[in-house]
Amino acid sequence: MVSRRDFLKIAGSAASTAAVSLVGGEAAASPLHLDPDRIGVLTDFTLCIGCRRCEWACAQQNELPFGPLESCDDQSVLAEMRRPNAERFTVVNRYEPSEGQAKPFDIKVQCMHCEHAPCVSACIVGALEKNPLGPVTYDAWKCIGCRYCMVACPFQIPAYEYDDNLTPRVMKCNLCEDRTLKEGRKPACVEICPQEAMVFGKRADLLDLAHDRIRNQPDRYHNEIYGEHSVGGTSWFFLADRPFTELDLPEVPDTSPAEVTEGIQHGIFRGFTGPIMLFGLMSVLMKSAGDKRKDEDKEDPHA
Amino acid sequence: MHSTPANESAVLDQDIAVVLPDPGHGDHGHHEPLWAKPPVPFFSRGTLVLCVLAAAGLAVLAARLIWGLSAVTNLDDQYPWGLWIAIDVACGVALAAGGFTTAFVAHILNNEKYHPVVRPALLTAVLGYTFVALGVCVDLGRYYNIWHVLMPSMWQGNSALFEVGMCVCCYLTVLYIEFLPLVCERFIGRVNLPGFLKALNGPVDTLLRVLDATLARVMSFFLIMGVVLSCAHQSSLGTLMVIAPTKLHPLWHTAVLPLLFLLSAFAVGLSMVIFEGILASRSFKRSIEMHVLSPLGRIVPFLLTVYFGAKLIDMVNRGTFRYLNDGSLQSNMFILEVVLGIFVPMALFMSHRLRRKPVVLFTAAALVVLGVVLNRVNVFIIGYKPVYADGPYVPAIPEIILTVGFISILILLYRFFVFLLPVLPVEEEGHNA
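Those sequence lines, one after another, are chains X and B.
Under the working numbering, read the first sequence as residues 1 to 303, first letter to last.
Under the working numbering, read the second sequence as residues 304 to 736, first letter to last.
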């Protein structure tokens with residue numbers, strides 16, 4: 001088939017070419033290049049009155065279908081639990097009142113903008129990116145529509161335009177990146193909130209603020225900041241009067257699942273050592289098997 | 304799959320080994336019987352059924368392209384992946400593992416006994432992976448952007464899916480290269496282009512010869528590359544779901560899922576060769592190559608043992624036994640996958656007496672195939688529970704029609720290439736007594 005020398009020459013040169021040319025191109029395990037001044041939002045659910053104006057403002061900002069502002073006054077939609085979808089990046093859901101309160105308890109959910117976002121880690125072409133300044137953003141032009149981000153998201157946030165036959169997009173909150181990062185304004189939902197239930201600012205400051213609130217009013221708050229450690233930390237924090245599982249917020253690990261998969265990927269493929277070693281092993285096996293056969297053939301020329 | 308009796312006796316009278324007419328390019332030394340062209344007509348009742356199924360599948364494909372994914376699938380924001388990813392892609396890749404496992408056993412370990420099954424396995428792999436790629440494209444929302452995966456500017460080395468995509472691309476190329484010698488062998492000295500293209504007969508023939516000679520020198524490299532690339536993406540396919548620990552059922556979610564995918568691919572690769580080898584023999588009215596397939600079947604229980612061993616250690620390690628008797632669909636499916644796909648075939652394969660019976664060998668191989676299909680379906684569909692699930696995912700009828708249609712086209716193409724190219728070896732006398 002091929003002489004041993006030829007073969008080893010080919011194998012050797014291919015392996016070294018692969019090692020030299022590809023290792024450089026292979027993305028190394030990405031340390032998170034996050035800006036210490038990155039932005040975030042703190043939502044204090046105890047202040048929310050369920051007016052749904054944030055939903056309206058979000059729809060305006062992102063050009064999503066929504067009725068006039070007055071349509072928010074229709075509170076009947078709060079009877080059922082809703083999830084963000086391709087036409088609604090944020091939704092308000094209603095729960096039983098706190099103990100001793102008459103007013104129902106409302107919460108607002110949207111993309112959490114994880115620090116080490118599984119969707120970003122999963123994205124095959126880098127269409128989803130973690131901006132070092134905070135937002136997890138989406139570039140529809142790069143997207144191939146594999147929807148692996150949706151599988152990866154622990155909060156089940158990204159939605160998809162399944163109805164679009166040609167240019168479907170992954171739909172989710174982008175922390176109003178145009179407003180917040182380019183114009184220095186608050187996100188649309190934060191700006192419209194009549195209760196100031198949301199605070200926009202530097203992530204580090206928001207954590208301090210949240211801790212202060214819990215410390216100052218321990219009776220008002222459940223002693224946990226949702227997002228402080230969730231999936232290794234997020235850019236959006238929640239404060240509530242009760243455990244977050246009672247608000248249907250998922251229990252998630254304190255580290256990003258992306259750390260595990262990236263560990264596996266880079267463990268096997270760092271410097272292509274795994275594949276190159278396997279290649280070497282196969283070459284040796286093939287050569288020794290070939291030599292053995294040659295010897296046998298010599299002994300028995302009629303074989 | 305059966306031709307009429309009259310047909311049958313007529314074709315059986317012919318010599319099964321085919322010598323192609325030499326169009327007259329002088330002596331090229333290709334007069335010996337090349338391969339066994341099946342002694343049956345191309346079209347049988349079975350192939351006609353397949354044609355109908357294929358047409359239905361293509362109709363669904365057209366609907367998907369015209370009206371979008373929502374028109375033909377039950378996919379939604381909770382279940383972004385469904386039947387097409389589980390069957391067309393995950394099972395497609397696993398069941399095409401016969402390509403690299405036989406290449407390893409027959410070529411790298413240089414075990415000549417197994418050479419007769421290499422080409423059928425290679426053809427399955429070539430077609431299997433081609434349809435994996437097509438299956439992915441059907442599922443992609445922006446399929447026309449698939450080339451983005453190959454652009455270094457968009458490479459995303461953190462993504463397990465990127466690794467799968469790159470490896471499948473490279474492996475598909477390697478498979479086509481491995482397949483080229485069959486084309487050369489078939490047409491060298493027999494290039495006979497119609498009409499005015501006749502003038503090109505000489506140059507094309509020369510081209511094929513150069514290609515053949517070049518390939519012969521470098522084929523070892525590609526054979527090994529094929530094994531390396533296969534190991535890489537068979538395992539990475541398992542890494543995919545590791546990123547969803549809160550969604551995938553603990554019976555399947557484990558950091559060693561990539562290893563389990565790889566080990567099961569080894570076992571199912573060889574089983575698939577046995578399974579399709581016996582099926583093809585029946586369809587093409589050949590005697591079953593028990594002298595090759597039975598020894599192959601002897602290897603499978605070892606591979607199954609390693610696979611099950613890893614699964615067991617992982618279960619003990621994570622203490623997931625407690626999920627086994629909770630009576631849920633997931634727990635029952637897991638038990639089914641292990642008992643039907645590992646224990647039963649292991650027992651069948653291990654018995655020397657039973658293994659020599661074609662029916663038993665076929666059943667055992669089919670069970671391993673079924674077990675791995677169940678495993679992939681479990682990992683990608685049954686075991687996948689979205690955080691806010693308001694019901695299970697059940698594939699829509701068009702999803703099933705498209706998958707069945709694609710498999711039908713694959714089988715039809717397999718049949719076509721078996722008739723066109725030297726895939727099946729000439730039957731040897733005396734082995735099958």
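Read the hints as simulated data drawn from the structure, not as lab findings.
Among the clues, some could well be false.
[Claimed, not checked] List of simulated lysine-lysine pairs, DSS-like, C-alpha gap at most 30 Å:
{"no.": "1", "chain 1": "X", "residue 1": "Lys-292", "chain 2": "B", "residue 2": "Lys-688"}
{"no.": "2", "chain 1": "X", "residue 1": "Lys-142", "chain 2": "X", "residue 2": "Lys-186"}
{"no.": "3", "chain 1": "B", "residue 1": "Lys-416", "chain 2": "X", "residue 2": "Lys-294"}
{"no.": "4", "chain 1": "B", "residue 1": "Lys-416", "chain 2": "B", "residue 2": "Lys-660"}
{"no.": "5", "chain 1": "X", "residue 1": "Lys-202", "chain 2": "X", "residue 2": "Lys-182"}
{"no.": "6", "chain 1": "B", "residue 1": "Lys-588", "chain 2": "B", "residue 2": "Lys-688"}
{"no.": "7", "chain 1": "X", "residue 1": "Lys-182", "chain 2": "X", "residue 2": "Lys-142"}
{"no.": "8", "chain 1": "X", "residue 1": "Lys-202", "chain 2": "X", "residue 2": "Lys-186"}
{"no.": "9", "chain 1": "X", "residue 1": "Lys-287", "chain 2": "B", "residue 2": "Lys-688"}
{"no.": "10", "chain 1": "X", "residue 1": "Lys-103", "chain 2": "X", "residue 2": "Lys-182"}
{"no.": "11", "chain 1": "B", "residue 1": "Lys-688", "chain 2": "B", "residue 2": "Lys-416"}
{"no.": "12", "chain 1": "B", "residue 1": "Lys-416", "chain 2": "X", "residue 2": "Lys-142"}
These numbers were taken from a predicted model, which means no experiment stands behind them.
Problem set entry | Unmet hints by their number, sorted upward, for this structure | 1, 6, 9, 10, 11 and 12
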